[in-house]
Structure formats: structure tokens, C-alpha cells
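S.K.: Starting from the given sequences, assemble the full structure and let the hints guide the process.
Count the sequence shown with our numbering and you get residues 1 to 63, in order.
Hints in this document: simulated from the structure, not taken from any laboratory.
Do not take every clue at face value.
To be verified - Pairwise CB distance ranges, derived in the manner of DEER restraints:
{"hint": "1", "residue 1": "Asp38", "residue 2": "Ile11", "range": "16 to 22 Å"}
{"hint": "2", "residue 1": "Tyr45", "residue 2": "Ala10", "range": "15 to 21 Å"}
{"hint": "3", "residue 1": "Ala61", "residue 2": "Pro36", "range": "23 to 29 Å"}
{"hint": "4", "residue 1": "Phe60", "residue 2": "Glu37", "range": "18 to 24 Å"}
{"hint": "5", "residue 1": "Pro7", "residue 2": "Gly48", "range": "24 to 30 Å"}
{"hint": "6", "residue 1": "Pro36", "residue 2": "Arg14", "range": "23 to 29 Å"}
{"hint": "7", "residue 1": "Pro22", "residue 2": "Gly49", "range": "14 to 20 Å"}
Even for Gly, the Cβ is constructed at its ideal location relative to N, Cα and C.
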Amino acid sequence: MTTSPTPLPAIGVRCWRDVISPSTGATVLSLDASGPEDPMVELGYDEGGGGWWPLSTLVFAAD
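M.R.: Right, here's the structure in full:
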């Protein structure tokens, strides 16, 4: 597991990719925290498609 101080998000949580327009969001589909560095998060994009992003590059909706 990772030693990242950032807690891992839950599947289905909404987020925004901080290098993309904040008006375009995404949903967390899965997680990969098996590496020693920044955990990877698989996203389903609102505009279609998906991809993997480092956890540190994502902004999550406030509860």
C-alpha cells in the first residue's frame, strides 16, 4: 500500500482533473495504490472515455 497522506477516494466519487476545465468532471471507477508513489485513479470522463490519473492531480468535490 501507499504512504500517501491523501486518503484514497471511494469508487463513484466525483472529481475534476486540475489541468482541465473545472466545468468538465469525472467519476472514480477504480484505484491502484500498489505502487510506492502517487496512487493511480481510473476515471470515467463526463465528455466520454476514461483514463488513469495520479491522485495528486485530482480535485474532489467537498462533502
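S.K.: Would you mind marking each hint as holding or not holding in the structure?
M.R.: Now for the hints, and whether the structure bears them out:
1. A beta carbon spacing of about 18 Å between aspartate 38 and isoleucine 11 agrees with the range 16 to 22 Å that was offered as a hint.
2. Remark: the range hint 15 to 21 Å for tyrosine 45 to alanine 10 is upheld by a beta-carbon distance near 18 Å.
3. At about 28 Å, the CB distance of alanine 61 to proline 36 agrees with the hint of 23 to 29 Å.
4. Checked against the given bound of 18 to 24 Å, the beta carbons of phenylalanine 60 and glutamate 37, roughly 19 Å apart, stay inside it.
5. Checking the proposed 24 to 30 Å range against proline 7 and glycine 48 shows it holds: the Cβ atoms sit about 28 Å from each other.
6. In this structure, proline 36 and arginine 14 meet the distance hint of 23 to 29 Å, their C-beta atoms being roughly 28 Å apart.
7. Distance hint check: the CB atoms of proline 22 and glycine 49 are about 18 Å apart, consistent with the given range 14 to 20 Å.
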